[in-house]
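**Q** Spelled out, the chains give:
Protein chains: 2
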Amino acid sequence: MKIEAVDFFYLSMPEVTDAGDGSQDALVVRVAAGGLVGWGECEASPLVSIAAFVTPMSHGACKPVSAVVLGETLEGPADIARLAARVELECMDLLQAAHTFSGIEMALWDLLGRRFDTPVYQLLGYKQAYPKLPYASQLFGDTPEETRAGCRAARDKGFRAVKCGWGPFGRGSLADDRDHLQAAREGLGKEGTLLIDAGQIFIENVDAAAARLPMLAEAGAVWLEEPFLGGAYEAYAALGRQGGSVRIAGGEASHNFHMARQLIDYGKVSYIQIDCGRIGGIAPAKRVADYAARHGVTYVNHTFTSHLALSASLQPYAGLKDHVICEYPFTPKSVAWDMTANHILPDANGEVTLPQAPGLGITVSEAGMAKYLVDVEISAKGKLLYRTSRP
Amino acid sequence: MKIEAVDFFYLSMPEVTDAGDGSQDALVVRVAAGGLVGWGECEASPLVSIAAFVTPMSHGACKPVSAVVLGETLEGPADIARLAARVELECMDLLQAAHTFSGIEMALWDLLGRRFDTPVYQLLGYKQAYPKLPYASQLFGDTPEETRAGCRAARDKGFRAVKCGWGPFGRGSLADDRDHLQAAREGLGKEGTLLIDAGQIFIENVDAAAARLPMLAEAGAVWLEEPFLGGAYEAYAALGRQGGSVRIAGGEASHNFHMARQLIDYGKVSYIQIDCGRIGGIAPAKRVADYAARHGVTYVNHTFTSHLALSASLQPYAGLKDHVICEYPFTPKSVAWDMTANHILPDANGEVTLPQAPGLGITVSEAGMAKYLVDVEISAKGKLLYRTSRP
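Top to bottom, those sequences are chains A and B. So that you can map any letter, position 51 of the first sequence is 51 in our numbering, and since no number is skipped, the others follow by simple counting. So that you can map any letter, position 10 of the second sequence is 10 in our numbering, and since no number is skipped, the others follow by simple counting.
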């Protein structure tokens, strides 16, 4: 097969707010080869990721992603690895390229899975996809009452685990944070798994993060996620040494395998969280999962958008039976829900399992996407480089 | 002062080839505040960096860079630090933001320097700018004869140091590489400082890089630069342990302070090379220079484009007397030369010193830029987001 076309669809809610809610827009990718199509999704900033596909070349190590992908051969997983390696060298100086290629890479796996009538996790070498325990991933409320209500809502829907993140946490007093943590625990109930996401708010200030450890332990939080900038490994490691029962999680910012490995090796995190829409797709995420498993670190997906992204992000560790927990967008905006025709729903045990279907097992909804399609036009050097088309 | 306007000018040679020559295009930034202007330059992929300035917001941690910068107060260096910290949090999920902000940050320093009638290096806390020994930075030739001629040309122009990089190196046989290294030494002469840049060609294959160490030592190469992907710290450290007289250099891929620090801490490089057009501008580069000096690592600028970028990249270590060597674009394309009215030229000793002039001390040439100006238009959501204007 030849990769004949790569098309991008920028979807957005009519209004985008400055809440830390990553489900407000999406960049969906369709790859066509050999009469088949595959679908993927890039995480964050659709217009910029489109630009990284269509931009004119700056030099031999700063090509647009299109120059590496279009017209190339796709017969099996080795071709995906070959293209990924070429992106690393030929798009070396184009920072955004990793995010752009991530969605394409997912779509290539989806397409291969459809060609071979096989779920992607089996193409990755797993025999079986084990059930995962989804945590309802949501933002802290503006008030403790809202936080309590959010956690209660998740519990009422059968979730046994909840993550609260961003919002006011770390921005006010210690007492404010403690009130939110207590409220979260009350809403979730005594038995539930409580996870907390600081959204990098402590930058690299270990003392400020450590001041929250006692109240996190008091609320029975399993992990504190992303207390610091993604690359501040020394701070992660220093906090981990003081963490006691509260473990440190992070990794979503990784835009290549090495960044995730280093957060394990030097940041000493206990949970490594990977977004397949950022790290370069499914194969580098699988490499992280293998590395984590060998080093006693638990792999977790990072997903705050659609169920297409959710499926892609679960594939890399589908076969790791002991890596049980998974992020599950709890209150996504309608664009993230409507863009797929099927969804990955919790079963009676409150667990989720990947679709037993070819590729990513997710059918996109072209009608659902059309409602949110954003018009974009990019031209340079006298050429039209991109114009939105309907899926 | 309020930051009233940030304007981008995408310049390009009429033809851009796939040679590893980063001087074929440029993205120049002009910032206006308080009746003054400052100028900076982003490294690589102009269209994508423009898109990261104008793109619609995706969510509260994925804003366009414009949302952080426009209308903000600029009175002194603390304001630059404040804006940089906001970019890290508010543009967290927009990967390209670091490259976009880099050029803006340079322009903010240039503007402050003009306001206070002070060179930027003095605003950074240095009393004096020491002379640096420039190395003529160029690509390997396609043949050893071309490599020899390139090094000879640099020597004839008074350069006492030369770097050859990219091109065929590491792509053919060991004998081919040895021929190029010997030719480089012959062209440069016995006394000259020879530096070699592998352009990440060995990915993370330590053995392949190590196989070149004996011939590098034979040719008297001082360093081997970027043998591996920017983040493959284990490979850097492993090669360094075998390096003997050949030291390892790297760091140009760093898009924040932490990445550079980690290449020092874990990659164990002897030379840390920072591009101010990528790392977020001049202040994070200064922080790297301070860190390097404290840890016995030599700081070197990475510059392959214009003399505006060259001045910006020399400021962060201008006052470090013992960090002597500097990268100097030897055969830049005409766009990189013509865009500034003045240049930083070697003196009779073959050394270069920063201009004793306010800001970056470089005057852009609006006429020089106009010749290379690329027409770009970006629109989304029914709005024109960017259209090229004349400087």
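Calculated from the structure, these hints are not laboratory results. Warning: the hint list may mix true and false statements.
Any copy will do: because identical chains look the same in the list, a pair fits if it lies in one copy or spans two.
[Unchecked claim] Calculated cross-link-like contacts (lysine to aspartate or glutamate; reagent style DMTMM-like; alpha-carbon spacing at most 20 Å):
(1) K321 - E15
(2) K321 - D117
(3) K381 - D18
(4) K268 - E234
(5) K381 - E15
(6) K381 - E145
(7) K383 - E15
(8) K371 - E218
(9) K321 - D338
(10) K190 - E75
None of these values were measured; they are calculated from a predicted model.
**Q** Against the earlier hints, flag every one the structure doesn't satisfy and list their numbers going up.
**A** 1, 2, 6, 8, 9, 10
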